[in-house]
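Residue numbers (our numbering), protein chains in the order written: chain A, 254 to 850; chain B, 49 to 262.
It is possible that some hints are incorrect.
Unchecked claim - Heads up, simulated DSBU-like pairs for lysine-lysine below, C-alpha to C-alpha not over 30 Å straight-line: (1) B:232 to A:811; (2) A:791 to B:65; (3) B:232 to B:222; (4) B:156 to B:65; (5) A:811 to B:89; (6) B:156 to B:232; (7) B:158 to B:222; (8) B:222 to B:151; (9) A:708 to A:811.
Just so you know, the hints here were simulated from the structure itself, not pulled from any lab data.
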Amino acid sequence: MAANGYEDVVKGDDAVPALEVQPQELYHAKSFWTRYIFCQDAKVIAVQYSLTAIAIGLVGLVSSWLIRMQIAYPGVIPMDASAYYQLVTMHGMIMVIYLLTALFLGGFGNYLIPLMVGARDMVFPYVNMLSYWVFLLAVLILVASYFVPGGPTGAGWTLYPPQAITSGTPGSGLGIILMIVSLAVFVVGFTMGGLNYVITTLQARTRGMTLMRLPLTVWGIFVATVLALFAFPALLVAGIMMLLDNILGTSFFMPAILEAGLGEQMAYDGGSPILFQHLFWFFGHPEVYIVALPAFGIVSDLISVHARKNIFGYRMMVWAIVIIGFLSFIVWAHHMYVAGMNPWFGFFFATTTLIIAIPTALKVYNWVLTLWRGNIQLTVPMLFAIGFLITFTNGGLTGLFLGNVIVDVPLSDTYFVVAHFHMVMGIAPVLVVYGAIYHWFPLITGRFLNNRLGKIHFWITFLGSYSIYFPMHYLGFMGVTRRYFEVFEGEAFPVSIVGINQFITIAALVTGFAQLVFFYNLIVSVKHGDKAEKNPWKACSLEWQTTEMPPGHGNFEKELPIVHRWAYDFSVPGANEDYIPQNISPSEVSNAQAEKT
Amino acid sequence: MSNRNKEESILQLLTQKPWDPAQAELDNLHSGQTIDLSTGKLGQRYIIIVSTIFFCLFIVTYSDRMIYADWQNMPEPLLLWFNTFVLLASSIIFISVQVASNKKQFEKVKRGLLMIGGLAFIFILGQLLVWQKLIGLGYYVAGNPANAYFYLFTALHGLHLIGGLIYWGMTIRKVWSFNEIIVKNAQHTVELCGIYWHFLLFVWLVLFGLMSFS
Ligand code: HEM
Ligand SMILES: [Cu+2]
Numbered sequence: 254m255a256a257n258g259y260e261d262v263v264k265g266d267d268a269v270p271a272l273e274v275q276p277q278e279l280y281h282a283k284s285f286w287t288r289y290i291f292c293q294d295a296k297v298i299a300v301q302y303s304l305t306a307i308a309i310g311l312v313g314l315v316s317s318w319l320i321r322m323q324i325a326y327p328g329v330i331p332m333d334a335s336a337y338y339q340l341v342t343m344h345g346m347i348m349v350i351y352l353l354t355a356l357f358l359g360g361f362g363n364y365l366i367p368l369m370v371g372a373r374d375m376v377f378p379y380v381n382m383l384s385y386w387v388f389l390l391a392v393l394i395l396v397a398s399y400f401v402p403g404g405p406t407g408a409g410w411t412l413y414p415p416q417a418i419t420s421g422t423p424g425s426g427l428g429i430i431l432m433i434v435s436l437a438v439f440v441v442g443f444t445m446g447g448l449n450y451v452i453t454t455l456q457a458r459t460r461g462m463t464l465m466r467l468p469l470t471v472w473g474i475f476v477a478t479v480l481a482l483f484a485f486p487a488l489l490v491a492g493i494m495m496l497l498d499n500i501l502g503t504s505f506f507m508p509a510i511l512e513a514g515l516g517e518q519m520a521y522d523g524g525s526p527i528l529f530q531h532l533f534w535f536f537g538h539p540e541v542y543i544v545a546l547p548a549f550g551i552v553s554d555l556i557s558v559h560a561r562k563n564i565f566g567y568r569m570m571v572w573a574i575v576i577i578g579f580l581s582f583i584v585w586a587h588h589m590y591v592a593g594m595n596p597w598f599g600f601f602f603a604t605t606t607l608i609i610a611i612p613t614a615l616k617v618y619n620w621v622l623t624l625w626r627g628n629i630q631l632t633v634p635m636l637f638a639i640g641f642l643i644t645f646t647n648g649g650l651t652g653l654f655l656g657n658v659i660v661d662v663p664l665s666d667t668y669f670v671v672a673h674f675h676m677v678m679g680i681a682p683v684l685v686v687y688g689a690i691y692h693w694f695p696l697i698t699g700r701f702l703n704n705r706l707g708k709i710h711f712w713i714t715f716l717g718s719y720s721i722y723f724p725m726h727y728l729g730f731m732g733v734t735r736r737y738f739e740v741f742e743g744e745a746f747p748v749s750i751v752g753i754n755q756f757i758t759i760a761a762l763v764t765g766f767a768q769l770v771f772f773y774n775l776i777v778s779v780k781h782g783d784k785a786e787k788n789p790w791k792a793c794s795l796e797w798q799t800t801e802m803p804p805g806h807g808n809f810e811k812e813l814p815i816v817h818r819w820a821y822d823f824s825v826p827g828a829n830e831d832y833i834p835q836n837i838s839p840s841e842v843s844n845a846q847a848e849k850t
Numbered sequence: 049m050s051n052r053n054k055e056e057s058i059l060q061l062l063t064q065k066p067w068d069p070a071q072a073e074l075d076n077l078h079s080g081q082t083i084d085l086s087t088g089k090l091g092q093r094y095i096i097i098v099s100t101i102f103f104c105l106f107i108v109t110y111s112d113r114m115i116y117a118d119w120q121n122m123p124e125p126l127l128l129w130f131n132t133f134v135l136l137a138s139s140i141i142f143i144s145v146q147v148a149s150n151k152k153q154f155e156k157v158k159r160g161l162l163m164i165g166g167l168a169f170i171f172i173l174g175q176l177l178v179w180q181k182l183i184g185l186g187y188y189v190a191g192n193p194a195n196a197y198f199y200l201f202t203a204l205h206g207l208h209l210i211g212g213l214i215y216w217g218m219t220i221r222k223v224w225s226f227n228e229i230i231v232k233n234a235q236h237t238v239e240l241c242g243i244y245w246h247f248l249l250f251v252w253l254v255l256f257g258l259m260s261f262s
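Start from the sequences, fold in the hints, and give me the full structure.
What follows is the structure, given as structure tokens:
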């Protein structure tokens, strides 16, 4: 037995390992300030992270409405090209970094990791608290950039030099400086949070909780954090060097160039803008999986719980997460096919890009197979999970198109790309976020969100976002370029695209406003929602097995739970109920045998 | 014996079948810890890994940028060698401090720590003097990418060293105020601070070597 790498097995039903992970000394809040504001409890930090992310996310949402108005009904909302570029830039940056990354890792990571692994809190609660405050500082710096002379940067969310720092680009003065500083601060704050997510998952699990017994949610967040550790430094490095180019006049990225408007030679010489692109996308591509992997993990758990079935191919799901994580570091140049590269280079990156589709497709099959013959409960979380499956598959397929150099060259910088990444990175993860909120809201507040409003919210959001992004594929094929302030001058495009654009804008406004239904539901249900009994979805994972619900300070009462099984013992033949929580010992469920996948 | 469950390889781990009753019997005995190290040590490794990646990326861009025609190496003041020697000396002293701390010879630890701090300050001062000298000679940051990298690397390393000095300050506090109960705690801190110190020396040697011999 020891060959397996374990202690000698003590026979008998409920053998329990000795306590090795020493019980944590808990920090106790003494006043209102330390309980709700400068709090070290991961659950409170999670809520702080989420609310901050959502607040700044609303700025991103409103930006998108203004962008859409300009595209479909130019002039209705007066704006010049500069304002348009600033809106587009801030929309992209806010949504990718400050909303999704912060929400999945800082929000869901903080709430779920300690509870799901059976720990009282993160291993470094103080650093965890700092992480939030540093994140908030990053958000405030970002917001400040709206109020400086020249406004926020309008360089596009990729911030490519030279244009990001040359005059003529909106916000090329203080705007871009604050943007980079904000990102740098974000990276520092994230590194502090990541320290906790990684080490808590590795070291602070409760007894009996092997890594392979973890719910996939934790796997997704864990691997995403590891990716972030490797990817974010690249953003930081690129940011620092561009800052120096901007402030001190170095030429890391800046080539010899003429000043826009004046036509005078600037002091720069010899720098390589392509180098920036490499650094940016070495960060940027893993970043898309930093958002996607937690969504993969969470959606696996939603599907399994609400279909009352164990997740199909748990091991494959873990492998896929790890392999995707690894591969995501060797595909970055597929964002640079049109930057001018050696054809062999393009060939290499096209190959790796297509290879990454294999583990991704495998996950999709496994989700579908989990649903297959499951006892599917069409709850709101399940609806959102299915919505994710559809949009993600759609976006993944267009990714395959774009991964091929020849197909990408004409489609690059068109609305086809916009459709691709919004399907895969905009809509799909946001649907998971919603599903997850409907799912875990009872745990966090002790009350349900209203079911009927939830269904209305789902259908408008799902059909609405499909109406927004599906026609964009067609626009892309027609050659409509992205990031253009006005596309209707001249006769480059058939009139039909005007109608399509107007349709998209109306869909975007309707879908956007439908989110008010959700916010209304959220606010009202905190106080007046239906009371939830303990473990209302009958889930197996530990976060639902706390004595109190919502879990109190220290998560579990006197004793930490001891884990006897994986997180997916649903519908086990012979068991009394259709689920067996992870902390139920074998002797409590004699008769039932774990089902094999 | 109890550590055995932490030594499994990643492959072994990933091939487990958590739903299998035989595996379940083994898993039930798992302590919940993956790596047999204190969280403090792991946390420090985490920081060292992140900052290694950070410096590695800079080095990659350095090697990419230096092949362009405009690259012109800077002169290398002798003072840099002196500074390197000072940093090296502080690291060597730290080794003896670590040994002394393990033997609970805290008087020696205290003396050593003070010397290390002094040397670190001398190093930083020395680096600033190098800057002053080069600027005096007309080697400005924006003059040439080689200059830019030189100032960038020394500044980043200096910032890391200032971070190290903050940690050094915390170590001093622990060691000075220690009593029997927290001996372990003080020893732990000294050890971690030492590891970081050696890491910073290593980073400096790599950066310095890169700039001198490329
Ligand atoms: C979770 C999965 C994915 C996410 C979150 C994602 C995200 C993105 C984003 C944000 C962009 C836009 C970059 C920009 O130009 O500003 C993009 C472009 C691209 N994606 Fe994806 N993607 C995903 C999956 C895939 C897959 C599976 C493939 C290929 C198999 C793929 C291939 C591409 C390619 C080639 C581009 C570059 C298009 C161009 O700029 O011309 N993506 N993706
Ligand atoms: Cu990509």
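Against the 30 Å threshold, does the CA-CA distance of residue 156 of chain B and residue 65 of chain B hold or violate the hint? violated (53 Å)
Given the hint that residue 708 of chain A pairs with residue 811 of chain A, does the C-alpha gap stay at or below 30 Å? Roughly 39 Å between the alpha carbons, so the hint for residue 708 of chain A and residue 811 of chain A is violated.
Can you confirm whether the C-alpha distance between residue 156 of chain B and residue 232 of chain B stays at or below 30 Å? holds (16 Å)
Would you check the hint for residue 158 of chain B and residue 222 of chain B, treating anything up to 30 Å between C-alpha atoms as holding? holds (11 Å)
Is the hinted pair residue 811 of chain A and residue 89 of chain B satisfied, with a Cα-Cα distance of at most 30 Å? Roughly 28 Å separates the two Cα atoms, so the pair holds.
Is residue 232 of chain B close enough to residue 811 of chain A, meaning Cα to Cα at most 30 Å? With Cα atoms ~28 Å apart, residue 232 of chain B and residue 811 of chain A stay inside 30 Å; holds.
Are residue 232 of chain B and residue 222 of chain B close enough, with their CA atoms no more than 30 Å apart? The hint holds at about 11 Å.
Is residue 791 of chain A close enough to residue 65 of chain B, meaning Cα to Cα at most 30 Å? holds (23 Å)
Does residue 222 of chain B pair with residue 151 of chain B here, judged by a C-alpha cut-off of 30 Å? Holds. Residue 222 of chain B to residue 151 of chain B sits at ~17 Å (cutoff 30 Å).
Comparing the model with each numbered hint stated earlier shows that hints 4 and 9 do not hold.
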